[in-house]
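*Asks:* Note that the protein sequences, when read in sequence, are chains S and Y. Letter 27 of the first sequence, counting from 1, is numbered 26 in numbering that gives the first Met the number 0, and no numbers are missing. Letter 36 of the second sequence, counting from 1, is numbered 35 in numbering that gives the first Met the number 0, and no numbers are missing.
Just so you know, these hints were derived from the structure itself, not from any lab. Hints may be right or wrong, so weigh each one.
Claimed, not checked - Chain Y side only, calculated, beta carbon under 7 Å to chain S, not exhaustive:
(1) Pro44
(2) Ala45
(3) Tyr220
(4) Pro247
(5) Ile255
Unchecked claim - Computed beta-carbon distance windows for the label pairs:
(6) S:Ile217 / Y:Pro17: 29 to 35 Å
(7) Y:Met171 / S:Ala87: 44 to 50 Å
(8) Y:Ala109 / S:Tyr112: 49 to 55 Å
(9) Y:Gly143 / S:Leu83: 33 to 39 Å
(10) Y:Thr16 / S:Ile217: 53 to 59 Å
(11) Y:Arg65 / S:Leu160: 56 to 62 Å
(12) Y:Arg167 / S:Ile217: 28 to 34 Å
(13) S:Leu91 / Y:Ser180: 57 to 63 Å
(14) S:Phe122 / Y:Pro41: 43 to 49 Å
(15) Y:Arg108 / S:Leu83: 36 to 42 Å
(16) S:Ala284 / Y:Ala109: 40 to 46 Å
(17) Y:Ile122 / S:His164: 46 to 52 Å
(18) S:Ala87 / Y:Val38: 48 to 54 Å
(19) S:Gly76 / Y:Thr16: 25 to 31 Å
What the hints assert, rightly or not - Partial list, derived from the structure: chain Y residues whose beta carbon lies under 8 Å from chain S:
(20) Tyr42
(21) Leu128
(22) Gly209
(23) Ser217
(24) Ala241
(25) Thr242
(26) Ala246
(27) Val258
(28) Val261
(29) Ile262
(30) Asn265
Glycine included, C-beta positions come from ideal geometry on N, C-alpha and C.
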Amino acid sequence: MLIAAAVLFLLLRLLPGDPANALVSVGADADQIEAARRQVGSDLPIAAQFVRYLGQLGRFDLGASFVSGVPVLEEIGRRLTLTLPLTALAFLSAVLLALPLGILAAVKRDRWYGGLISIVSQFGVAVPVFWIGILLVTAFAVKLRLFPSSGFPPSGWRDPLTALHQLALPILTIALVMSASLIRYVRSATLDVIGSDYLRTARALGAGYGEALVRHGIRNGAVPVISILGIELASTLLGAVVVERVFSLPGLGSMLLSGIEQRDYPSVQGVLFVSTLLVLLVGFAADLTQRLVDPRLRGPSGARS
Amino acid sequence: MTDAAPALAPPASRRLTPAFLVGAALVGLHVAVGLLTLVWTPYDPAAMTGGRLAPPSLLHWAGTDRLGRDLFTEIMIGARIALAVGSGAVAIAAAIGVTVGLLAAFASRAVDDVLAATLDILIAFPTLLLAMLIVAAGDGANLGTAILAIGIAASAIVARLTRILARRVLAMDYITAARVSGTSWLGIVRIHVLPNIWPTLIVNFALQFGLAVIAEASLSYLGLGAPPPNASWGRLLQEAQATVYTAPFGAIAPGIALVSLVIGLNLFADGLRDVADPTRRRR
């Protein structure tokens, strides 16, 4: 975590451009610039800035936005109420879609539909998120007029049905893109299981194909898939930037984007810090789940890669 | 000379899969179109050649944009830009990534640990996000910053792969033999490490190329890529989305161009992997 904070800090600070520039107008004289620099603390040496930054992090103080003056943490909290459910629902749909399809593609790889699933998922990983989004908007919002093309109701989740209706297309967009790569992993994990000796032994001992796969396959196949799930979930969280732009949703991603456009360093830093935290949490959860599933991983220490 | 050499030059007829040929054909088509735009385009890309937002027709194969410019011309130029960004970004990622990866592999345990942890964290961020930050820090968006940003962001992945591959080679007995016989570490890199890890790296570069094309389109879509008049596919798609209610066809053609290039690159990479590493033939 400390390393992550340091990398973030360095990344943002070593790049050209002074954060104080956001505070002053174009024609500011040297005195005004100096005052602005004092206000944001960029006149201090870099080490002192880092200590100050760490101290603030320790108190969960992410500073206030240069642009609006609203505390960054408060703004992030508000936006997370959109981004977290969006990510979670999309993730859930992707898993529900990818698990059966991936297993089917592996088990029935000699049939036409097994091959078709593989080919479609191959296409899916090559398609940028925003194009899927635009196509879905064209199909469902413009042609069929089933779902709205963008926005989120100001009433938020107090009116859950409206909110879900608004989020249907964004969720579908993320779920489609995510499940395409998931299907590939599930398929290859299932193929490994199918080709394994223990499955053949189970079959030889009289277990039916389906029974053998369920009793021995799931636990073994799950381990690599869980780690991929963790990575996918993390990148969806961070990758929400694009989807939120496609559907003009006021989430964490659009906060990051507008922060970057307006050089609002506290906002950018805050969003990145919180998302790093979430990503690490997800990774930790994936690790824990893997240990639950596979007792061999519960050893005293993990192997060094 | 090396173990890898025979694997790189297989009897072509047996190893080249149809998928590889399709991939190579798709990539080749894009390269040809990209080069063609340097000398000829169907229309002047800046000229208003037809009605605004006209649907596809014989005169305008992909229709026209909101200023009446020929979309097919712009898509052809987009191929050139995508290829330029892809090759530039991969070149940067290769230069930084391979260097850092090799240094980490040769460095002391402590330095290696720090480098590895830093790389892991950088990789946890999607390429696009890192590239966004780098673009944002530069002086406004242009083609150069986009290439640089995507290249730097991708270099972490290349560096990690290089480090792992190089460490595997360095653990071999013949490296110990080379060291004992007095070969310098640069000599070891040149004679033993690079030839052995090269095939795997090339495959990864092809995949990174595809990712770079997507990243560039996404940056342009977000308004952080090459500014007009560079007809990036991402910007074409963003403009098409703005007019989706009046001209829904505009989003189709640039997307197909983009996806066909990326799929071509992925198939090409898969084919290369089969050639470079016969043990990983696809099932």
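*Asks:* Please go over all the hints and tell whether each is borne out by the structure.
*Replies:* Results of checking the hints against the structure:
A distance limit of 7 Å between C-beta atoms decides the matter here; for Y:Pro44 the minimum to chain S is near 22 Å, and the interface restraint is violated. Evaluation of the Y:Ala45 hint against chain S yields a violated restraint, the C-beta minimum of about 25 Å exceeding 7 Å. Interface hint at Y:Tyr220: satisfied, since its Cβ lies 5 Å from the closest Cβ of chain S, which is below the 7 Å cut-off. Below 7 Å, beta-carbon pairs count as interface contacts, and Y:Pro247 has one with chain S at about 5 Å; its hint therefore holds.
Restraint check, Y:Ile255 versus chain S: the minimum CB separation of about 9 Å is more than 7 Å; hint violated. Between S:Ile217 and Y:Pro17 the beta carbon distance is about 34 Å. The supplied range of 29 to 35 Å therefore holds. One distance hint, 44 to 50 Å for the beta-carbon pair Y:Met171 and S:Ala87, holds here, with the actual separation near 46 Å. Range check, Y:Ala109 to S:Tyr112: Cβ separation about 53 Å, and the 49 to 55 Å hint holds.
With their beta carbons about 37 Å apart, Y:Gly143 and S:Leu83 fall inside the hinted range of 33 to 39 Å. Checking the proposed 53 to 59 Å range against Y:Thr16 and S:Ile217 shows it is violated: the Cβ atoms sit about 32 Å from each other. Look at Y:Arg65 against S:Leu160: about 36 Å separates their beta carbons, and that is not inside 56 to 62 Å. Taking the beta carbon of each, Y:Arg167 and S:Ile217 are about 32 Å apart, inside 28 to 34 Å as hinted.
Evaluation of the 57 to 63 Å hint for S:Leu91 and Y:Ser180 yields a pass: the beta carbon distance comes to about 59 Å. Distance hint check: the CB atoms of S:Phe122 and Y:Pro41 are about 28 Å apart, inconsistent with the given range 43 to 49 Å. Against the hinted window of 36 to 42 Å, the Cβ-Cβ separation of Y:Arg108 and S:Leu83 comes to about 39 Å, which satisfies the hint. For S:Ala284 and Y:Ala109, the hinted distance range of 40 to 46 Å is not satisfied, since their beta carbons lie about 30 Å from each other.
Checked against the hint of 46 to 52 Å, the pair Y:Ile122 and S:His164 fails, with Cβ atoms roughly 37 Å apart. At roughly 52 Å, the beta carbons of S:Ala87 and Y:Val38 sit within the given window of 48 to 54 Å. Separated by about 51 Å at the C-beta atoms, S:Gly76 and Y:Thr16 break the suggested range of 25 to 31 Å. Because the closest C-beta pair between Y:Tyr42 and chain S is about 24 Å apart, greater than 8 Å, the hint is violated.
With a cut of 8 Å, the hint placing Y:Leu128 at the interface with chain S holds, because the nearest CB-to-CB distance is about 5 Å. Taking 8 Å as the C-beta cut-off, the interface hint given for Y:Gly209 holds, the closest approach to chain S being about 7 Å. This hint holds: Y:Ser217 has a C-beta 6 Å from the nearest C-beta of chain S, less than the 8 Å allowed. A least Cβ separation of about 10 Å between Y:Ala241 and chain S goes past the 8 Å threshold, and the interface hint is therefore violated.
Here the hint on Y:Thr242 is broken, as its CB sits about 11 Å from the closest CB of chain S, past 8 Å. For the restraint placing Y:Ala246 at the interface with chain S, the shortest Cβ-Cβ distance is roughly 10 Å, beyond the 8 Å limit, so the hint is violated. With 8 Å as the threshold, the beta carbon of Y:Val258 comes within range of chain S, its nearest partner Cβ sitting at about 5 Å, so the hint holds. This hint holds: Y:Val261 has a C-beta 4 Å from the nearest C-beta of chain S, less than the 8 Å allowed.
Nearest Cβ of chain S to the Cβ of Y:Ile262: about 4 Å, under the 8 Å cut. The hint holds. For Y:Asn265, the suggested interface contact is upheld, since its CB lies about 6 Å from the closest CB of chain S, less than 8 Å.
Comparing the model with each numbered hint stated earlier shows that hints 1, 2, 5, 10, 11, 14, 16, 17, 19, 20, 24, 25 and 26 do not hold.
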